[in-house]
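Chemist: Letter by letter, the chains look like this.
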Amino acid sequence: MSENLESHSGPLAVELHGISKSFPGVIANYSIELMVRPGTIHAIVGENGAGKSTLMKTLYGMHQPDDGTITVNGHAVQFKTPTEAIAAGIGMVHQHFMLADNLTIIENIILGAEPTDNRGRINFGAARERIEVLMASLGATFDPGTNVSELGVGQRQRVEILKVLYRGAKILILDEPTAVLVPQEVEELFETLKRLVLDGSTVIFISHKLDEVLTYCDEITVMRQGTTVAHTTPAQVDRRTLAQLMVGSDLPDPSGRETKVGEDIRLQVLGLNVASEIPGAKLSLRDININVHSGEIVGIAGVEGNGQFELCEAILGLRPKLSGTISVGGSELSGSDTRTRREMGLSYIAFDRHREGLLLDSPLWENTFLGREENATLTVGPFIKNRSIEADSRVIIERFGVLTPSEQVPAFALSGGNQQKLVVGREMASDPKILLAAHPTRGVDVGAQSAIWDELRSARDRGLAVLLISADLEELIGLSDRILVMFDGQITADLDPNTATPEMLGTYMTGGEIVSPL
Amino acid sequence: MKNQRLQRVLVTSASSLLAVFVALCICAVILLITGKDPIQAYSTLFGAAGDIKVLQGTLNRATPLMISAAAVAIGFKMNLFNIGVEGQMRVALLATAVAGAAIDLPAPLHILFCLVVAMATGAIWAAFAGWLKVKRGVNEVISTIMLNFVALSLVAWAFDSFFTADNAPGVLLVKTKELPPSAWFPDIVERRLNGMFFIAVLVLILFYVLVWKTKFGFQLRASGANPGAARVTGVNPKRMVMISMLMSGALAGLVGMRALLGDVHAYQNNLAEQQGFNGIAVALLGRNHPLGIFISALLFGYLGEASGRLQLEDIPKEITTIMTGIIVLAVVIINEAVKRWDDKRIQHKAALALATRVVAQ
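Those protein sequence lines, which keep their order, are chains A and B. Be aware that the first sequence starts at 1, since it is given in the working numbering, and climbs by one per residue. Be aware that the second sequence starts at 1, since it is given in the working numbering, and climbs by one per residue.
No wet-lab data here; the hints were simulated from the structure. Please note that a few of the clues may not be correct.
As the list claims (entries may be wrong) - Derived EDC-like pairs (lysine to aspartate or glutamate); straight-line CA-CA distance at most 20 Å:
hint, chain 1, residue 1, chain 2, residue 2
1, B, Lys215, A, Glu191
2, A, Lys209, A, Glu191
3, B, Lys238, A, Glu191
4, B, Lys339, A, Glu191
What the hints assert, rightly or not - A partial selection of chain A residues facing chain B, derived with a Cβ cut-off under 7 Å:
hint, residue
5, Gln225
6, Ala350
7, Asp361
8, Gly371
9, Val380
10, Phe383
11, Leu403
12, Pro405
13, Val409
14, Ala413
15, Ala429
16, Asp431
This one's a predicted model, so the numbers in the text were calculated from it and none came from an experiment. Backbone N, C-alpha and C fix where the C-beta goes; we use that ideal spot for every residue, glycine too.
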């Protein structure tokens, strides 16, 4: 399964040969071989941490390789900066949009590359003309005078692509472009990309989602542990083989479920309504009803921003509710503050470990202590027991396999997967009764992912009630005993994971067919 | 892995020392430009260190600086920048001078009464800024600066209108009614070193214990390090803002007490002037750590005390003021540069340690 692809005429759009790149202590890339034919959508697949992003940064001139050669359209190149890569016709669409909300589409696109007349004024007419031509070629229909703040996620991505095309890119790198899109938007994106390719552009598409790669891409290069391990086409592989190439062995399997759901309701949400932070806007949460039993994982599927965050905050007492009740183990929580709720056995893996999970500049032992100040073994009266806290931190680090030289290093020095394991470890260390787990394995490598899954599963088997919020549909289907779908602040479906498919979830998540909740 | 901690201490101290060194170099250039001999100037300035009287004066001058730096640092620990120490101190000074002179108590109680009044009024003045931030989201930098002007004007007006005492004949300086001797804080060395020095050291020790050894201090630091993370664990950020503002204000109230209870024994217009502002510089150089604050306060105190000698050599003593300013600038710049370098170093070291461990397995 490799270099036996049909021979091609003319130079390759991109050819990387023997590329290596190491950072102190980490070899990010070594002996990379990549051949991208012009006029194709070329997928680069690999797990998180396989070195895809490092490789694309090398190609885009964000850093220089230690070794190896880069050839673009038949010419050997050495990019010192992204500007040089752009001049050579390479454009990068980043995963996180870099758009100014308060500017129009035109202004965003020309920002930094403004066409000016001889007196230095911006020639908006010329810009608009060119953008409209580009938009027609993409099949985009919005008015370029619109403010970016009014655009949806899919449209914003289209603007990012336009930005790159406007600068004359013929080779586009898209870094996990579908991570933020719902299935229907993904389809639209690929229609756009197909048009680009027909016009003679080349697309390099970074992803770890096998289905879309197999459906939409022309060629596939697989990366594992810092190097390219295979070059193939969708016709030559099936999903399973591709997955095994990526992981190097059998896929970590989220399933393996035997129902051990208990009788008692640990967490009950009844008729919960929560107002929006914007005055006059519609409710953030409407008539939410959820029961989580002991030993049960209830999954919440949904596109981010449909009320999952507000739900967690309401349960934790961080956000006021309009009406409804939230009870833990039968006792109603109204009037108790967040700290009290935590003492009652509520634990929370926050949505964003950097924003709400960790003290990045503080040592790990302070991080594992955070939120556990009432723990009797770690404190005496108003004082903290540093030695006990450090020892406790070492236990958590050991038990959850956090790779770190010691508990004294600051949290920012750890890799994302290890940071997440630390957060999960801290939240599990207090032996919670209920765990709110928001994206527990987002942005972590395969090893950390299966470790976290194992922890969740064994805690569930010991009777923990888990509310699992995730964007990873396979994780939801694999771990949950029941899947609820949230859309627009409501629960729109209650599904059995044994019969649910990612496609079904996708439909419900985008507001398709609504069945009566619960 | 204790050396990890030791390294942090070393790196932190080294960057502050570097800042002082850079400031000395820049001042040397300034001296050269103005036609003075920097070597002569510095040998005069630091040659005074052997003089016991200069050292006593140094400790005396360092006393208010330690307290005001602690007031600033407790805010800094949760990313609150209380620039209003000067105003809070001024309000407390007048209130204490008036209240202390109005009653009669036995000596230790009278002093205690004065200290409590000072802390309470300082805290009340700081509470305005805290309240504005919690309730209305007003940035505390803006509100404390504004409240400084309000405090200065209000105190000057109230002093002139209501609280000036009749002067003894021949005395030009206007003061409030003098405090009875029972409210005077005793000197350690007559007219040179006041006992408030011990209060300042006590403040620094308590500051250390509170911030590094208690649950409250941990929550304070966590709120400063990442308010979002502290919030989801149930630390109420508004409550933390209010408490740290009140504590900062209470300490600010104490700043002027060496001058009031230990020296002048009455309020006058320029009493303890600038000591609230200077605390910001001391806290910055001392990296908000009690030990760092102690050493920095001694340095600033020494510069102030020894600067008089420069005039004997016909070198303007304002050079020490310039030096103070440059030290603050250098501290801010060098700290940031060193932090970036150190962060990278730690990251690389962690990565290296892990790589070797993985191989070893």
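Chemist: Of the numbered hints stated earlier in the document, which are not met by this structure?
Modeler: 1, 3, 4, 5, 9, 15, 16
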